[in-house]
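Q: As a plain string of letters, each chain reads:
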Amino acid sequence: LSDIAVAALLAGTILAASTVSVEFGFSVALVELLLGLIVGNAFHVDAPSWLAFLGSFAGMVLTFQAGAEVDVPQLKREWRASLSIGLISFFAPFAVLGTLCYFALGWNHRQAEIGGLALSTTSLAVVYAVLVETGLNRELVGKRLMSATFVTDIATVAGLTVLFVKPTLWVIPFALASVALVVALPAVSPWFFRRYGDRVIEPEIKLVFASLLLLMWLGGRANSQAALPAFVLGLVMSNHYVQHRKEQERMRVVAFAFLTPFFFLKGGMSVSAAALWANLGILALLFAAKMVPKFGGVYPLARRYTAPHATFTTLLMSTGLTFGTITSLYGLNAGIIDRTQFSLLIAVVVLSAIVPTAIAQRFFQPQTERERADLPRVASAQAPEGVSG
Amino acid sequence: MPFNRILVAIDGSEASDRALAKAIELAVVTRAQLTALAIEGPLPAYAATVGEVEEVKREKDLFFEALAVRAGAQASEAGIELAIELRAGHAAEVISDFAAAGEFGS
Numbered sequence: 001l002s003d004i005a006v007a008a009l010l011a012g013t014i015l016a017a018s019t020v021s022v023e024f025g026f027s028v029a030l031v032e033l034l035l036g037l038i039v040g041n042a043f044h045v046d047a048p049s050w051l052a053f054l055g056s057f058a059g060m061v062l063t064f065q066a067g068a069e070v071d072v073p074q075l076k077r078e079w080r081a082s083l084s085i086g087l088i089s090f091f092a093p094f095a096v097l098g099t100l101c102y103f104a105l106g107w108n109h110r111q112a113e114i115g116g117l118a119l120s121t122t123s124l125a126v127v128y129a130v131l132v133e134t135g136l137n138r139e140l141v142g143k144r145l146m147s148a149t150f151v152t153d154i155a156t157v158a159g160l161t162v163l164f165v166k167p168t169l170w171v172i173p174f175a176l177a178s179v180a181l182v183v184a185l186p187a188v189s190p191w192f193f194r195r196y197g198d199r200v201i202e203p204e205i206k207l208v209f210a211s212l213l214l215l216m217w218l219g220g221r222a223n224s225q226a227a228l229p230a231f232v233l234g235l236v237m238s239n240h241y242v243q244h245r246k247e248q249e250r251m252r253v254v255a256f257a258f259l260t261p262f263f264f265l266k267g268g269m270s271v272s273a274a275a276l277w278a279n280l281g282i283l284a285l286l287f288a289a290k291m292v293p294k295f296g297g298v299y300p301l302a303r304r305y306t307a308p309h310a311t312f313t314t315l316l317m318s319t320g321l322t323f324g325t326i327t328s329l330y331g332l333n334a335g336i337i338d339r340t341q342f343s344l345l346i347a348v349v350v351l352s353a354i355v356p357t358a359i360a361q362r363f364f365q366p367q368t369e370r371e372r373a374d375l376p377r378v379a380s381a382q383a384p385e386g387v388s389g
Numbered sequence: 390m391p392f393n394r395i396l397v398a399i400d401g402s403e404a405s406d407r408a409l410a411k412a413i414e415l416a417v418v419t420r421a422q423l424t425a426l427a428i429e430g431p432l433p434a435y436a437a438t439v440g441e442v443e444e445v446k447r448e449k450d451l452f453f454e455a456l457a458v459r460a461g462a463q464a465s466e467a468g469i470e471l472a473i474e475l476r477a478g479h480a481a482e483v484i485s486d487f488a489a490a491g492e493f494g495s
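Here the protein sequences come in this chain order: F and B.
Take 1 as the starting number for the first sequence in the working numbering and just add one per residue.
Take 390 as the starting number for the second sequence in the working numbering and just add one per residue.
Hints were generated in silico from the structure; no laboratory data involved.
Model, not experiment: these values are computed from the prediction.
Glycine included, every Cβ here is placed at the ideal spot set by N, Cα and C.
Careful, some of the hints might be misleading.
[As the list claims (entries may be wrong)] In silico PhoX-like pairs for lysine-lysine, Cα to Cα no more than 20 Å straight-line:
#1 F:Lys246 - F:Lys206
#2 F:Lys246 - B:Lys449
#3 B:Lys446 - F:Lys246
[Stated by the list, open to error] Among chain F residues calculated to face chain B with C-beta under 7 Å, some are:
#4 Gly25
#5 Ser27
#6 Glu69
[Stated by the list, open to error] Now the stretches of chain F that chain B is said to cover, found in silico as 3 or more residues with beta-carbon under 8 Å:
#7 11-20
#8 312-318
Please build the complete structure, drawing on both the sequences and the hints.
A: As structure tokens, this is what we get:
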């Protein structure tokens, strides 16, 4: 197929994924991954280079957005609980999975590191959706869970950048540019927004994209990955976005409409259904190797910090999706892991988004304070309080 | 037949509009306390980004805000006070749990 034919096929697939997502209430990312798998395996479409580039850039934009979604004041308030739960949630599965992949599955050490990183993540969006749906995001247990998820995310992106860096001279400009952007962008943004913001040509989005592309280029030259500086850049911009919600929304529109669909589609297309079918035992082993250490590490701390909802907390900390996909795609694009390993990692990532969430919601969902009240609260005849939360 | 407390579930559909109108009528006649229960359906399952969740949540909030204001106005016109409660989850489960906890039907 020619490039334009592939583009047309993928555009149709992306459109179908959006409508299916709206109609059935599933995350568009999961539908894109699934349809990507179908298209990639049914039509045997090789991902063209432009798709690999768009996918990589979209991964950076997603990482930046994840950083921008961190509630820094909340993280500061709950740092003790969030640091311990978040770090153990990362390191316990990372150590177990890395060891398993290296010694039991015969992966080399870089492949084992990718496996450990991809499956140690916690999905901020999955956790957030469950908490908002139940109103728990306004209670202490929810705030601690969110903060712990931020910490696990930070550990993942730090691992992704630091573990694969090769010490060349390019590390210096990469580090300098990262620090300069992290310092300068939040300082410049208020002025830049006042001068150029609120226009359909979106100079402020272009400023962020230019910064991310610069980091990607320098990171690539340093044989590293720009995930950490991209995440930290988002983090330092989070306060700016709190004050300029519309700007953040416009960036999301650009990302969701054009960039992230290619990222998840590329992820799905690179999954080999035959490789998955042939390795179901390893798939189950990897899934267990993610869940068991998450439980072993997080549950005791959760009993201390989020009691009586320790099981609920542990299950949600065991979810994963976006950073697992980003890490796996990085490993595949950089030639660190092969297609079979990638397929296994993506399958476990998707399973970890669905299985622990479904169990947590079905069997361990705590009631909110309001629901624990015996009688319904009498509200006025105006909009109810709970509506705007 | 005396009613002390009446619960009506609302979701903006024609059927729920008719149920609310009947419930208001009944509450006026029996002088019962009327509660309207609105249930927000689930957010996107297994979302990949917080933005995706926030967008759907915002849409739902706007819808239910408008619904609550409309129901409140309808009750005010009939001269009664309406308590409005919003819950998330599976509609059938939430309605039965809420009714049991609030001792409706007494």
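Q: Each of the hints needs a verdict: does it hold here or not?
A: Verification of the supplied hints:
1. F:Lys246 - F:Lys206: holds (15 Å)
2. F:Lys246 - B:Lys449: Holds, at roughly 18 Å.
3. B:Lys446 - F:Lys246: Cα-Cα ~16 Å, so holds.
4. Gly25: holds (6 Å)
5. Ser27: holds (4 Å)
6. Glu69: Interface hint status for F:Glu69: holds (5 Å vs cutoff 7 Å).
7. 11-20: violated (count 0)
8. 312-318: violated (count 0)
Hint compliance for this structure: hints 7 and 8 are broken, all remaining hints hold.
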